[in-house]
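Chains as they are written, first to last, in my numbering: chain H, 1 to 286; chain U, 1001 to 1333; chain D, 2001 to 2255.
Simulated from the structure, these hints should not be mistaken for lab results.
Honestly, I wouldn't trust all of these hints.
Far from chain U, by Cβ distances over 12 Å, these chain D residues were calculated [to be verified]:
hint, residue
1, 2065
2, 2067
3, 2229
Quick list of in silico lysine-lysine cross-link-like pairs, DSS-like style, CA-CA up to 25 Å [as the list claims (entries may be wrong)]:
hint, chain 1, residue 1, chain 2, residue 2
4, U, 1330, D, 2130
5, U, 1330, D, 2131
6, H, 30, D, 2090
We treat Cβ as the ideally placed atom computed from N, Cα and C, and that holds for glycine.
Take a look at the letters that make up each chain.
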Amino acid sequence: MLTVIVTGLAIGMLYASIALVYNVMFSTSKVLSVTTGHLSMVGGVFGAYIISVLQMHWLWGLLGAVLAGATFGWLTDVLAIRRVLARSDEHLWLLSTLALATMVQQGVGLWWGTEPKPFPRLITQEFGAGLMDQKFWLPIGMAIVMTIGLEFFYRKTMYGKVFIAMSEDAFAARARGVSTDKIRLLSYVLSGALGGLAGFAAGQLTFAFFALGHTLTLLGFIALAVGGLGSNIGALIGGAALGLLNSFASYYFGGEYQQTIAVGLLMVVLLIKPEGLLGAKNVRPV
Amino acid sequence: MNSQTTKVLSLLVGAILIATLPFWAGDQYQLHLAALIAVYWILIAGLNLVVGFTGQLSIGHVGLLSIGSYTFAILAGKMGVDPTLSVFVSGLLGGLCGLALGLPSLRLPGFYFAMATMAFSMIVNEIVLAQVDLTGGGIGLPGPMFPKPFDSPIGFYYLVTAIALFVTWLTWNIARRMWGRAFISIRDNPVAAQAVGVPVFKAKLLAFVFSGITAGVSGAVFASLQSYITPDTFVFELSMFFFVCIIIGGRGSIIGPFLGTVVLTALPELVSPLAKLGNFFYGLLLLVVVLVVPEGIGRMFEIISERLRPRIVHREPITPDLNRLAKALKGHE
Amino acid sequence: MSVMPAELQAINISKQFGGLSALDQVSLTLRPGEVHGLIGPNGSGKTTLLNLLSGYYQPTSGSIKLGDEDLSLASVQRRAAVGVARTFQKPRLLPMLSVLENATLGAWSHSESGFVASAVSLPSVAREDKKFLDQTTELLHGVGLGHVIHRRANLLDHAEQRFLEIARGLAMRPSFILLDEPAGGLTTQEIEHLSQVIHTLRSSGIGVLLVEHHTDFVFRISDRVTTLNVGKMIKHGASDEVRTDPEVIRVYLGA
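Isolated chain H, as found in the complex (with noise of 0.2 Å):
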């Protein structure tokens, strides 16, 4: 039972890390991009490379993560948002990242490979650890981490401050002399560098998969919707509700309803409480 419990919350941490992506993201540009679960993806397949195929240390494969990330963040950025957000079509960037994220994940297929492989191990463990098995630790401590990591940055530092600026009002900050492309992008840059740390994290539950992406983008947003966009603590909360109820899920009836029930429980919180658990109510998602 209680490997149940660790599971679903090492599984849930990764989803609750890829709504804290969202809402960095969000919180300068007001965009849900496609390509948020693919950071994590990345970050997954390119830690897996470095240290597997290149054996290298895999403090090498973190950085390697981490850059893979951000790179591909300010890609989303300059190629699928840049230019999109300047025309008033409000779906347009809905389709720029879907294709961008496209992109991206059959790119990854065509040079990894098809197939799941398996994510080397960090530090030396064996691998009958049990609960202290460190596929558990890395992601919840690491989704633990970043959320302390932003409540400080946004608290504490200068850029921090800003990106809450023009989350409340981007036409304000502008006119304060704030540069909302350059901060848009830097925004971009960092929520690419956690969703490729995330991916790496979780890389011994998740194993190298390029059609992870899709999946991630949509269980992430799960987790995003059910905590309601815009707060760090949701996306924690949901994440761990939907990584919990999967591997409750998993455990009694088999594993062959995952999806169906995660997406049962976002179809309810959003009928009931269409901003999620801990959502503004005045914030309007496009």
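With chain H fixed as given, assemble chains U and D onto it according to the hints.
Using the frame of chain H, we list chains U and D on its own:
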């Protein structure tokens, strides 16, 4: 009048080409490809009303295709029901599932809606894999053939082409009249749509259910064409493909997405390096179109011809004809 | 038809947004065949009142009535169906459709063509559509847009967009039309044409609510005027009376 004659002529030529295709197409493979285009177009024509007209970005229609295919394969294959009846049931079930999906999710904002449709297609896949007794699970099911004269490749081609033409006619009728304008208003300016009295949610739902029916029918004939279906046939990338055909062809048009379907289905077959790139190519194409000509390639041709043949726009002042206005207003009583 | 033509009324309307009071006990009666001006400085609540009348907001207290029917909670679409049309401060058009198609959209409430009937192109549907297109063509010539009937809406200049919105509103066959700053950005000549059009609407029995900044224009063509300031009604009555009212003059020429 000249552009009108050109349009009618090209439609006529197109109709003749389509009607005589089995006789000039190179080989069985190309005939198969043509039938596949027709099958895809049955779904895409309906989806066009959702994506291209009401502007709802559904990326989960492969789920409805899957439902149509499996319904047909189970009814006409496993249970021996008459194939024609099975097609009807597939369409009906597709419509019902469209209703079930649309009711809760069409109220959601854009990204949420897209995710809900994506989730739907994943759920369908899960259920298909899980219900092994019914669907054969990972092994899949054979797709039954139609009775004579539709059991030959040529006969089948004419069957699906006839269905495709019928669906095209239906959507063309919708598009060019009041409902088409109402749909476009929902896409481009929902506040204006409300202001003239368009029931926004109901209209979106109508389009969506219609697209579910066409997806169901398409699924049925798709199963027959493929002669064997497995869960792997119905991947998310197929949803992307349908979607891209419409966006590239141009929203708000019927012929645009049709040409998009023809080109995007045929291209990887004819240009083999593209086939290897597969979905990367569709993603790239979508990105380029969104960044450069978001209104679709059809519009791009218009822009080019406008540049080549600059029409000086004569600015005339607005001069009301008050008598005519009074008469028009009185005529309303 | 009916003995007493129905009036569109806002009765003791108050509207609060959170803690902010946008309107405080405002009443206004719009009569058929009458032009009613609504003026006030920025933030006075004119657009809020217009949004309440057309159904985009619900009143915090008070009611909106059309004749005997209480419209206070009625949807925007319901109000369109009972004959309340409006234009917008920033024209809301469909850029990819022609002027004719845009304006004909206004006839939606009067369409009896169901979705299925339209799909199979029943003769009644074709007839109805032709009728709407013909009627709208007449309206477009009437407001002065006959020369751009087939032009795509995103190629129109500002004035043409405004007149198109009015034509679309008229295609709704309304009893009342609420105009939200229609003169904004128009030349003197165009404002003159607008006045003529409004005058014709009035003679046809349509009740016109004119929300405007151009106070001269409003006083000139309105029968009655209501003035607002910070959500409260200052003065209402016949156009000449209101124009010469000392309180009104103070609000407009003062701070």
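So which of the earlier hints does this model not fit? none
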